[in-house]
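**Student:** Keeping their order, the protein sequence lines are chains Z and Y.
Numbering-wise, this note's numbering puts 77 at position 82 of the first sequence, and it's gapless, one number per residue.
Numbering-wise, this note's numbering puts 165 at position 170 of the second sequence, and it's gapless, one number per residue.
Read the hints as simulated data drawn from the structure, not as lab findings.
The C-beta atom is built at its ideal place from N, Cα and C for all residues, glycine as well.
A few of these clues could be false.
With the Cβ distance kept under 8 Å, some of the chain Z side facing chain Y (calculated, not the full set) [unchecked claim]:
hint, residue
1, Ala12
2, Lys16
3, Ser67
4, Glu73
5, Glu79
6, Val89
7, Leu91
Have a look at the derived ranges for each label pair, beta carbon to beta carbon [said to hold, decoys possible]:
hint, chain 1, residue 1, chain 2, residue 2, range
8, Z, Lys328, Y, Ile160, 38 to 48 Å
9, Z, Asp210, Y, Asp210, 58 to 68 Å
10, Y, Asp210, Z, Ala48, 55 to 65 Å
11, Z, Asp95, Y, Lys55, 25 to 35 Å
12, Z, Lys308, Y, Leu321, 48 to 58 Å
13, Z, His206, Y, Asn263, 42 to 52 Å
Below, each chain spelled out in residue letters.
2 protein chains.
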Amino acid sequence: MKYTIKDIAKLAGVSTATVSKVINQKDQEITEATRNKVMAVVKRYHYVPNRIASSMVTKKTHTIGLIIPDISNPFFPELARGVEDYANRLGFTVFLCNTDNDVQKERAYMEKLQEKMVDGIILTASDNRKRVTPSLQKTSIPIVTVDRGVDADISDGNVESNNFIGAYEAVSYLFSKGLKHVLHLSGPLHSKPSNERLEGYKKALVDHYRHVNQDMIMDGSYTLDWGYSGTLKAMSNRLKFDSIFCGNDLIAFGAIQALKTKGLSVPNDISVIGFDDIELAKIIDPPLTTVKQPNYQMGFESSRILIDIIQQKTPDITEITLDTQLIIRHSVK
Amino acid sequence: MKYTIKDIAKLAGVSTATVSKVINQKDQEITEATRNKVMAVVKRYHYVPNRIASSMVTKKTHTIGLIIPDISNPFFPELARGVEDYANRLGFTVFLCNTDNDVQKERAYMEKLQEKMVDGIILTASDNRKRVTPSLQKTSIPIVTVDRGVDADISDGNVESNNFIGAYEAVSYLFSKGLKHVLHLSGPLHSKPSNERLEGYKKALVDHYRHVNQDMIMDGSYTLDWGYSGTLKAMSNRLKFDSIFCGNDLIAFGAIQALKTKGLSVPNDISVIGFDDIELAKIIDPPLTTVKQPNYQMGFESSRILIDIIQQKTPDITEITLDTQLIIRHSVK
DNA sequence: GTGAAAGCGCTAACAG
DNA sequence: CTGTTAGCGCTTTCAC
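Using the sequences plus the hints, can you model the full thing?
**Tutor:** The following block contains the structure:
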């Protein structure tokens, strides 16, 4: 049997207004005695308030949506965890929405979340979107983007890591180790982070008096498969390289695999550097030198900004760029 | 400006009932003409129905909760993906809830989900629960457990993989390769899957005329760290073993790491076999021989069962045990 | 300090 | 075929 606030009110011999006040801690004006009286009944009958009904009147659902490409991409679980941790702490619940980088799915979820009256949305936009047309309508609900900003007018905040500097440091590190020819196996270049990493790569070349060779820049997707096939392709194209700067760790894993297949040793023959520092980067062979992105923190901060906005405490900052960190292990000579 | 069904009704010159019918595809009894009329208005003003309000009257939220220990444990993303894929396909949205195997958090989420009136819950119960006291109250909403069943009377369905047979086959495989002394680095033994794997291990020993030696069974947690420290401990305890059957891949990764640290070669000196087949099992060195669990499918099936129950189409089966599969790679001699 | 009553946006009889 | 109306369970003035 499900009890309603009415039942509890009757059982406790008070009005629904009173019950409402005590279960929502608007207690100040309620007598200790009546308070206890209703609490007793609430306990006794295991009364669970219907928050849907509350939402009807308060216009708040204490729910946020998290839209990401794919939770089974190792980049996202940590981020999702960060989002959930902060949200949960503040009494918010989070909807998990995977888009597979499909703009249709993304749009469908945006709409669904609106229908479900979420208080806000955290969005990692699909990366295979034409840069120009966000295809996202500005809704009345707050949106904070994470990892990949989109047009500023649809978002109320953004957190990302410093891809440019991360890439710059990675490539500079390669040079500092005496490597000369850095192949760049990039993610999809129409996505913002890929682009920023590419720019960091180029800047590092320029600052070290190197020529930017377009052939040495190959773009694909953020997958193990692309790392594998891209490496093979570079080799069969007889590109001359002694090191690979990979768009992310998955690409790096694929690259290492391909290199091994071809009988090449990492890092003795070819050095490889990744991006992300997913958990397993440290246990592959050789342990991967990579640029650590603060995934958990990115999720946590975006959650914080969003919820601040929801709660009208206009956050001090709505744009955060988090530092990356070069993690030196053994995949670079 | 947010429009309500009333606004749309007025704008279209019809009643709210009519609008309701067309937006919910209860169209049969509506004229093509009026249908078009309201659709036009809906489109024109970007009307988004408030599903919270619908839920008030229909008593359905088209929302399910997914309670798992930790999405950043590589076991769960695939499972979550499976859950979401099926749910989304049928128009359901899923709440992501991490418990960290903390019974308090689990309970809190169960309550919160009830308050939010989810239509059902998919639960991977915390594994550090005393076996006997589930501490979970049977609520009126359907629950299907996944990976780890709990007391049957709180759950309306269960899907798991065949841990017993998976373990049995893994250990038998070791014997078939001429290995003699199999150390078992187990997960927490108060959890059901760990226990079943242990039983499979024992059965394999017995069937191959081996003695079960309690010293060779060490239990810890499903973490890389435990694999590492457990292996070191076994070595410093001077246990004699030529192979390790690990409770999961993470433990196996840790074990391999520890072995390498000690200058031992896998599989030449010690063979290692895992459980799960997470994505990165194939790219570590050596590629891990392991028992594949159908994580995605487990999520998908549990979602299917749950939603069937929610939609009153009593599913043909509510208990599913999915087959595991021995994946032979190179970590066993 | 407590209660009566209006109303949040929608759906589901039921009437017409 | 379409409209009227009575709630769904709760919060929130505003009286008392």
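**Student:** Need the list of violated hint numbers for this structure, in ascending order.
**Tutor:** Hint check: 1 and 2 fail, others pass.
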